[in-house]
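Asks: The sequence shown begins at 209 in my numbering and counts up one residue at a time.
If you are wondering where the hints come from, they were derived from the structure by calculation, not from laboratory data.
Wrong hints could be hidden among the right ones.
List of simulated lysine to any residue pairs, SDA-like, C-alpha gap at most 20 Å [said to hold, decoys possible]: (1) K238 - D227; (2) K238 - T219; (3) K244 - D227; (4) K244 - A268.
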Amino acid sequence: MDEEQRFAFATWGFLTVEDALSSEQVADLKATVDEKGPDLPSQHEAIEAIEAYFVENDAAFEPFDPEATW
């Protein structure tokens with residue numbers, strides 16, 4: 209990471225990696241969020257309720273390893 213990326217990560221808690229996903233992957237992920245988004249609970253609801261709506265359980269997210277170290 210360069211200094212600008214370190215600053216962005218420290219400030220916002222994430223990095224933007226250009227071209228990390230194909231256009232098809234982005235389209236699949238956007239479609240999943242659009243489909244499931246309205247059903248997601250608000251941030252003020254209980255954690256137990258939120259666990260039932262985890263978007264990453266959708267098939268569109270299967271190619272991504274949640275244990276990956278970047």
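Asks: All the hints need checking, so say for each whether the structure fits it.
Replies: Hint check:
no., hint, result
1, K238 - D227, "holds (16 Å)"
2, K238 - T219, "violated (25 Å)"
3, K244 - D227, "violated (25 Å)"
4, K244 - A268, "holds (12 Å)"
Comparing the model with each numbered hint stated earlier shows that hints 2, 3 do not hold.
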